[in-house]
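*Asks:* Top to bottom, those sequences are chains E and P.
Counting from 161, one number per residue, gives the positions in the first sequence under my numbering.
Counting from 18, one number per residue, gives the positions in the second sequence under my numbering.
FYI, nobody ran anything at the bench for these hints, they're computed from the structure.
Some hints could be false.
Claimed, not checked - Derived DEER-like restraints, expressed as beta-carbon distance ranges:
1) E:R269 to P:G18: 29 to 39 Å
2) P:T125 to E:E233: 15 to 25 Å
3) E:K217 to P:S31: 40 to 50 Å
4) P:P57 to E:T271: 30 to 40 Å
5) P:E33 to E:Q257: 35 to 45 Å
6) P:Q98 to E:M187: 36 to 46 Å
7) E:T271 to P:Y56: 18 to 28 Å
8) E:V172 to P:A70: 26 to 36 Å
9) E:V172 to P:D72: 43 to 53 Å
10) E:G223 to P:A34: 25 to 35 Å
11) E:S227 to P:G18: 23 to 33 Å
12) P:A70 to E:E239: 42 to 52 Å
13) P:K69 to E:P168: 17 to 27 Å
14) E:G200 to P:T43: 16 to 26 Å
Note that beta-carbon positions come from the ideal geometry of N, C-alpha and C, so glycine has one too.
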Amino acid sequence: NAGVTQTPKFQVLKTGQSMTLQCAQDMNHNSMYWYRQDPGMGLRLIYYSASEGTTDKGEVPNGYNVSRLNKREFSLRLESAAPSQTSVYFCASSGGQATSGQYFGPGTRLTVT
Amino acid sequence: GNSVTQMEGPVTLSEEAFLTINCTYTATGYPSLFWYVQYPGEGLQLLLKATKADDKGSNKGFEATYRKETTSFHLEKGSVQVSDSAVYFCALSVIDYKLSFGAGTTVTVRA
């Protein structure tokens, strides 16, 4: 039981390049989330998916797109990377209720130069 | 809106000392409360939770009690170890998609 997995662990991009961050969970959770973590800013929600086939914007969605490929997988795409998107990105999943708590992946450290 | 305020760090203490991290919240409705821990270079791990007033969450020697009258969820551990050095986040959830985090408290335990 791997929980939540993310790839890659590290990535360096040049401004304007695109990339997709991958996330998968094996806990049969309905809900999945993407966060970014920046020093002094805490964790901020980028997008979430309450169930397969649905996605919604979070607090900081600009510059990102997501795809809920199936129940297990939820990807985050940066179409044209900017230095302001340098951050650590975390994927999380949960059972779909406020009492469940969320389970986080190990993170992707992204640097945009 | 919903928000969480936790004590600022960093907190530095010696092994076997008592640890308390204060957390207070503001919420509409009936929140569930959580403590997460983040070890260096890793993701957040759910440490413990409480889903209604007077519930006590516990795990790995850590405890926290949901106090509705003081809107608090303070984290405590009676005897810390070097391996407890991490960043601790208090969080609440009223609706599943919205997990509101505190700013985090960095704890360093010296041998």
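*Asks:* All hints are to be evaluated individually against the structure, with a verdict given for each.
*Replies:* Right, here's what the structure says about each hint:
Separation of E:R269 from P:G18 is about 30 Å and conforms to the stated range, judged on CB atoms against 29 to 39 Å. A hinted range of 15 to 25 Å is violated for the C-beta pair P:T125 and E:E233, which are about 37 Å apart. The beta-carbon spacing between E:K217 and P:S31, approximately 46 Å, falls within the hinted interval of 40 to 50 Å. The hinted window of 30 to 40 Å between P:P57 and E:T271 is violated, with their beta carbons roughly 18 Å apart.
Taking the beta carbon of each, P:E33 and E:Q257 are about 38 Å apart, inside 35 to 45 Å as hinted. Taken as a hint, the range 36 to 46 Å is violated for the pair P:Q98 and E:M187, whose Cβ atoms sit roughly 29 Å apart. Checked against the hint of 18 to 28 Å, the pair E:T271 and P:Y56 passes, with Cβ atoms roughly 21 Å apart. Remark: the range hint 26 to 36 Å for E:V172 to P:A70 is contradicted by a beta-carbon distance near 48 Å.
For E:V172 and P:D72, the hinted distance range of 43 to 53 Å is satisfied, since their beta carbons lie about 45 Å from each other. Range check, E:G223 to P:A34: Cβ separation about 44 Å, and the 25 to 35 Å hint is violated. For E:S227 paired with P:G18, a C-beta distance near 29 Å keeps the hint of 23 to 33 Å intact. For P:A70 and E:E239, the Cβ-Cβ distance of about 46 Å falls inside the hinted range of 42 to 52 Å, so the restraint holds.
Evaluation of the 17 to 27 Å hint for P:K69 and E:P168 yields a failure: the beta carbon distance comes to about 40 Å. Separation of E:G200 from P:T43 is about 21 Å and conforms to the stated range, judged on CB atoms against 16 to 26 Å.
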